Amino acid sequence: MGPQEERHEHSYEPGPAIPLVRLNHVSFQCTSVEESVGFYQRVLGFELVKRPESLDFKGAWLHKYGMGIHLLQRGLDLNTTPAAARLPPINPKGNHISFQCTDMGHMKTRLRDMALEFVTTRVRDGETVVEQLFFHDPDGNMIEICDCEKLPVIPLVDAGAGLANLMVPVHDG
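As numbered in full-length UniProt numbering, residues 1 to 173 make up the sequence shown, in order.
To be clear, the hints were calculated from the coordinates, so they are not data collected in a lab. Here the structure is a predicted model, which means the values were calculated and not measured. Be aware that a few hints might be false.
[What the hints assert, rightly or not] Simulated restraints, written as ranges between beta carbons of each label pair:
(1) Gly140 x Asp56: 18 to 28 angstroms
(2) Gly68 x Pro92: 39 to 49 angstroms
(3) Glu53 x Glu13: 37 to 47 angstroms
(4) Arg86 x Leu151: 28 to 38 angstroms
(5) Pro92 x Arg112: 32 to 42 angstroms
(6) Pro92 x Leu48: 22 to 32 angstroms
(7) Gly105 x Gly68: 40 to 50 angstroms
[Claimed, not checked] List of simulated lysine to aspartate or glutamate pairs, DMTMM-like, C-alpha gap at most 25 angstroms:
(8) Lys108 x Asp56
(9) Lys108 x Asp125
(10) Lys150 x Asp103
(11) Lys64 x Glu127
(12) Lys93 x Asp103
(13) Lys64 x Asp125
(14) Lys58 x Asp103
(15) Lys93 x Glu144
(16) Lys64 x Glu47
(17) Lys64 x Glu13
(18) Lys50 x Glu34
(19) Lys93 x Asp56
(20) Lys93 x Glu47
(21) Lys50 x Glu35
(22) Lys150 x Asp139
(23) Lys93 x Glu53
(24) Lys108 x Asp139
(25) Lys93 x Glu34
(26) Lys108 x Glu131
(27) Lys50 x Glu13
(28) Lys64 x Glu35
(29) Lys58 x Asp139
(30) Lys108 x Glu53
C-beta: ideal position from N, C-alpha, C; glycine also.
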């Protein structure tokens, strides 16, 4: 098989429309469902909603902003250190969920008033500057608050770029 054929083997060909509508929920295991429910209610304004009665394990469902967060009680493990004592450093390049925000100043003040540790970063694209706040929930799941809607979503086909342009080396330091 020649190089030309190999490239086509991995190329994307649009097919029938995929019947997806939006993100429905994210799910997190937690050491204390009660503590995590309180965090998501107090910090992000989520509301507790009814879970199906058929679920036979401890957990809670929260909903707000058109999406849900499902919290699942983590089973007993050998590490009994409280989650807050073993939180990893806040790393904006790590896995996280992100919430669009209309008033970043308000969110910074809110997080400071709640004595939550957070990291602020900025993303620049030409004249556009997006602000991001990163922090952890009680179990170390990272959360981002941003004004990302400032950045237009431009399909790479329209931007004249390909996958090769995504593989830009990142230099820390």
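Look at the Cβ atoms of Arg86 and Leu151 and judge whether their distance stays inside 28 to 38 angstroms. 34 angstroms, holds
Measure nothing beyond the straight line between the CA atoms of Lys93 and Glu144; if it is 25 angstroms or shorter, mark the hint as holding. 11 angstroms, holds
Determine whether the Cβ-Cβ distance between Glu53 and Glu13 falls within the hinted range of 37 to 47 angstroms. 44 angstroms, holds
So if I understand the rule, the pair passes when the alpha-carbon distance is 25 angstroms or less; does Lys64 with Glu47 pass? 6 angstroms, holds
Would the pair Lys64 and Asp125 pass a check requiring their Cα atoms to be no farther apart than 25 angstroms? 30 angstroms, violated
Given the hint that Lys64 pairs with Glu127, test it: the Cα-Cα distance must not exceed 25 angstroms. Violated. Lys64 to Glu127 sits at ~32 angstroms, over the 25 angstroms cutoff.
Given a hint of 32 to 42 angstroms, does the C-beta separation of Pro92 and Arg112 actually sit inside it? Check failed, 18 angstroms falls outside 32 to 42 angstroms.
With the threshold set at 25 angstroms, check whether the alpha-carbon distance from Lys93 to Glu53 stays at or below it. Roughly 38 angstroms between the alpha carbons, so the hint for Lys93 and Glu53 is violated.
Could you check the hint for me, namely that Gly140 and Asp56 are 18 to 28 angstroms apart, CB to CB? 26 angstroms, holds
So if I understand the rule, the pair passes when the alpha-carbon distance is 25 angstroms or less; does Lys108 with Glu131 pass? 11 angstroms, holds
For the pair we were handed, Lys50 and Glu35, check the Cα-Cα distance against 25 angstroms. 18 angstroms, holds
Hey, Lys50 versus Glu13, does the alpha-carbon distance stay inside 25 angstroms? The hint is violated at about 41 angstroms.
Hints 2, 5, 7, 8, 11, 13, 14, 17, 19, 20, 22, 23, 25, 27, 30 from the earlier list are contradicted by this structure; the remaining hints agree with it.
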